[in-house]
Amino acid sequence: MASNSSSRWFTLVQRELQEYRVSLLWTPLLAALAICVLVLSSVLLANRIAAVGQGFVAVITQEEQISGMNISIQIDDDEDGGSLAYRIERAEGAASEEEWNFSRKWTFQPRAGNAAPADSEVVSSGAAYPFNAVLGVISVLMTLLLLIVVVNYLLGCLFDDRRDRSILFWKSMPVSEWEVVLTKLAVALVVAPAIFIGAALVAQLVCTGLSMVLMWRMDMDPGEQILGNVHFGQLLLQQVSGWLFTALWIAPFYAWLLLASAAARRSPFMTAALPLVAIVLAEELVFGSDYLRSAITRHLPDPTVSGSLPIPADLTSLLLGLVCTAVLVAGAVWLRRHRWEI
Amino acid sequence: MSRVIEARGLSRRFAQVQAVDGVDLGLNAGTVLGLIGPNGAGKTTLLRALLGLTDCDGEVQVLGLDPRREHARLMEQVCFIADTAVLPRWMSVLQLLDYVSGIHPRFDRAQAEHFLANTEVGMKRKVAELSKGMTVQLHLALVMAIDARVLILDEPTLGLDILFRKRFYEQLLNDYFDDERTIIISTHQVEEVQNILTEVVFMHRGRSILHKDMASFDETFSEVHVVGEATTRAEAIPHIGSRPILGGRAIIYEGVDRALLAPLGQVRTPSVSDLFVAKIGGEANHGQ
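From first to last, the protein sequence lines stand for chains D and Y.
So for the first sequence, this note's numbering puts the first residue at 748; every next one is plus one.
So for the second sequence, this note's numbering puts the first residue at 20; every next one is plus one.
If you are wondering where the hints come from, they were derived from the structure by calculation, not from laboratory data.
Quick caveat: nothing in here was measured; it's all calculated off a predicted structure.
Virtual Cβ for every residue (Gly too), placed ideally from N, Cα, C.
The reader is advised that the hints may include incorrect statements.
What the hints assert, rightly or not - Ranges between beta-carbon positions, derived for each pair:
#	chain 1	residue 1	chain 2	residue 2	range
1	Y	80	D	926	44 to 54 Å
2	Y	102	D	926	34 to 44 Å
3	Y	74	D	1069	22 to 32 Å
4	Y	57	D	773	16 to 26 Å
5	Y	45	D	1039	30 to 40 Å
6	D	1017	Y	25	19 to 29 Å
7	Y	166	D	984	29 to 39 Å
8	Y	35	D	987	48 to 58 Å
9	D	753	Y	145	22 to 32 Å
10	D	1017	Y	231	45 to 55 Å
11	Y	288	D	761	48 to 58 Å
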């Protein structure tokens, strides 16, 4: 029976991945590939810079004085996975012995407003292993993409089958609506993030390799400069545990999207957005307060804050959110049973 | 014999319309029921109530289960084709087979593949690429490979050409039906199903206006083809309907002794569709 029920769940999840193959499988893979290709081209480009720079290196070595180097990374924050560009420049003035470890100056400056603030978890945690912070950029990009994909998935998953009437086929199968809705929530909270984190990890490994090639081309020791500054175990742990806490926080938001998808007659997006906007505006106009807005914003996804343990003050909000999740999921199940016809 | 389906006082009201109005229905195993009625008679709503797909008033039990509360459990024993073209269009045939074998405990994949081998439905094709007829064949192959006790078909052959329709019902009767199973078919195309039915229900305006065993059909109903003077005499006997035929009239009687009718003209058993037209026509006149 155990194998039977696990194969049931496997079939249900497999069905989701088949239906949303493009957004849940191809998107993360292509995004990871795009990142790798961009980094590769940067390496090739940097190689040219290095060739020019060899003249300087010759001068530098003659002078027996070696300058520090700033390497900055700019992120183009767009939907197709973003692009990374390395810029390598010589800093003014000589560097002290300590600054020889140039990778301490790896920084990144997101241009888009909604991207990571410089002091976010991802970056600050890079203090011990500076190159982790660089690779963290990739995971921020992938998380951003994940959110777009999953929000889209959740809004469509309980609506599309009602619109094309295939719900009549799904309902002819011995699957309860609880199983259906919980599968979709599990895909959004666990399966899709696992795929995206996996893809991010592959991209990070490739980028590490490419960076080592870059270092080697620049006549620096790749082992020391890169491997010495990166800790994959920590990176993985950070991404996985980060997502688990994020998942707990945004579960009610996802459940709300499921409810909207199950309730919508025309546009799931409008069904999801309008009531929230209306209720927040109403509160501000009538009571002049913004409790609801802050309560809701706390549970909205923020790709740059890869979660932390909830501080005690927020524990109430977290638990309340989980209670809301249960209520909203039950609502979605009820709608699937009683109000499925469009 | 235990009842497979038992419904009492089944009613369903939508905002403006009483879709189903106090229908009683009891079926035993081994029945093939034809549910016949004009558009909007409430056939689909009745079938959906039996399947637990819609709320309703009254009592319903299918295989001893409440379809509303135990829908998922019921679906292990009950199959339905609710409409043509409800198979998910994005799926390939192979994915569909994977899904049903992973989910349905009574599905025999080899049998489904055997059924499909006789059709033009290729394993790698997507449902969206299949013609309407092929989609129905695919759905029927899936359903017939499920060892269910009740099969409900709501207009399963709507919009298909006559060759497909004939093959559909032949296959259903030859490869699927046995004494243990119960089949309900709702359709407009009465002529094509009438030889496979064991019972028939006429629905009109949400009510069941006739529920007959096909075996007792001959005894209850008779149709006389009359010409000339006999017409007036024949029309004097209470009848449920009459229609013009070449050179005379065909008049349908309910519960009139055939010996009484024989002198008037040629006596035969009316077809289900003619009886249906007579009955509904009569009801419509009563309504006015």
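Here is how each hint holds up against the structure:
no. : hint                         : verdict
1   : 80(Y) - 926(D): 44 to 54 Å   : violated (24 Å)
2   : 102(Y) - 926(D): 34 to 44 Å  : violated (23 Å)
3   : 74(Y) - 1069(D): 22 to 32 Å  : holds (30 Å)
4   : 57(Y) - 773(D): 16 to 26 Å   : violated (49 Å)
5   : 45(Y) - 1039(D): 30 to 40 Å  : violated (54 Å)
6   : 1017(D) - 25(Y): 19 to 29 Å  : violated (44 Å)
7   : 166(Y) - 984(D): 29 to 39 Å  : violated (49 Å)
8   : 35(Y) - 987(D): 48 to 58 Å   : holds (55 Å)
9   : 753(D) - 145(Y): 22 to 32 Å  : holds (28 Å)
10  : 1017(D) - 231(Y): 45 to 55 Å : holds (51 Å)
11  : 288(Y) - 761(D): 48 to 58 Å  : holds (53 Å)
Violated hints, in rising order: 1, 2, 4, 5, 6, 7; the structure is consistent with all others.
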